[in-house]
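Q: Using the hints, position chain A against chain Z.
Now for the letters of each chain:
Number of protein chains: 2
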Amino acid sequence: MKRPVNLGEALASFDAVYSPRIVARMNDYDVRVAHVKGEHVWHTHTDTDEFFLVLDGRFDIALRDADGTVTTVELHPGDTFVVPRGTEHKPSSPGGSILMFEPSGTSTTGDTHEGEIPDHVDSTTGHEL
Amino acid sequence: MKRPVNLGEALASFDAVYSPRIVARMNDYDVRVAHVKGEHVWHTHTDTDEFFLVLDGRFDIALRDADGTVTTVELHPGDTFVVPRGTEHKPSSPGGSILMFEPSGTSTTGDTHEGEIPDHVDSTTGHEL
Numbered sequence: 076m077k078r079p080v081n082l083g084e085a086l087a088s089f090d091a092v093y094s095p096r097i098v099a100r101m102n103d104y105d106v107r108v109a110h111v112k113g114e115h116v117w118h119t120h121t122d123t124d125e126f127f128l129v130l131d132g133r134f135d136i137a138l139r140d141a142d143g144t145v146t147t148v149e150l151h152p153g154d155t156f157v158v159p160r161g162t163e164h165k166p167s168s169p170g171g172s173i174l175m176f177e178p179s180g181t182s183t184t185g186d187t188h189e190g191e192i193p194d195h196v197d198s199t200t201g202h203e204l
Numbered sequence: 076m077k078r079p080v081n082l083g084e085a086l087a088s089f090d091a092v093y094s095p096r097i098v099a100r101m102n103d104y105d106v107r108v109a110h111v112k113g114e115h116v117w118h119t120h121t122d123t124d125e126f127f128l129v130l131d132g133r134f135d136i137a138l139r140d141a142d143g144t145v146t147t148v149e150l151h152p153g154d155t156f157v158v159p160r161g162t163e164h165k166p167s168s169p170g171g172s173i174l175m176f177e178p179s180g181t182s183t184t185g186d187t188h189e190g191e192i193p194d195h196v197d198s199t200t201g202h203e204l
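Chains as they are written, first to last, in my numbering: chain Z, 76 to 204; chain A, 76 to 204.
Chain Z on its own, in the form it takes in the complex (with noise of 0.2 Å):
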């Protein structure tokens, strides 16, 4: 039988920025976390919507119209949010940590992107715990 995971420890474990770990499987879904912090990069998932819940610090996802306006989420611990298949976003962070849902093999920096993927961002379909 699977044993629990806690949240807590599961962060505890890895220092790494939006390098998400794989806490839960459930269907073909994984369920992640991951600490956050600076910039990450604008990006769509084509055929997937994205579940976010903060867990600590802040989180704003910007998100980018067809007609190019740009608006930003601001989220506080205890928020969720999801934004929809086919939305530019560009995740930013003071530092914090989130929590995801998505399908598994879903990659953190989607299906396309805008300009060069930063250092601090790891391109990854999400890594065991």
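Rather than coming from a laboratory, the hints here were simulated on the basis of the structure. Bear in mind that the values here come from a model prediction, so they are computed numbers and not experimental data. Be a bit skeptical, because a hint or two may be false.
It does not matter which identical chain is used: a pair holds within one copy or between any two.
As the list claims (entries may be wrong) - Straight-line distance between alpha carbons at most 20 Å, and here's what the computed EDC-like set of lysine to aspartate or glutamate pairs gives:
no., residue 1, residue 2
1, Lys77, Glu189
2, Lys165, Asp131
3, Lys77, Asp197
4, Lys112, Glu149
5, Lys165, Asp186
6, Lys77, Glu203
7, Lys77, Asp140
A: Structure of chain A alone, referenced to chain Z:
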């Protein structure tokens, strides 16, 4: 654009136990929160795993395997656990709150359940906030 939903505010907006509210939808899945207290009912989700995150208090899940052996997983705040599809389980709690991730339309009392559903357990596919 959808607005963020805060889990604490969502939980403060209702009192009923074992009566989940849907705080977010992503793809064909729900993110639900619930207050928990007392004994739930033995039930099984035939076709889906079920993800739990304990937000407050304590939440136990008894699991019964094919030969009738019961194992109880004790969960504390920050603990996550996945009940595999097809596994008989019965939650119980001295009081607390949880977050769940499961396919939209999943019933709180499963595809099959054992005995009467207690009055304090809401057999539902989740309510709007």
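Q: Checking against the hints above, which ones are violated?
A: 1 and 3
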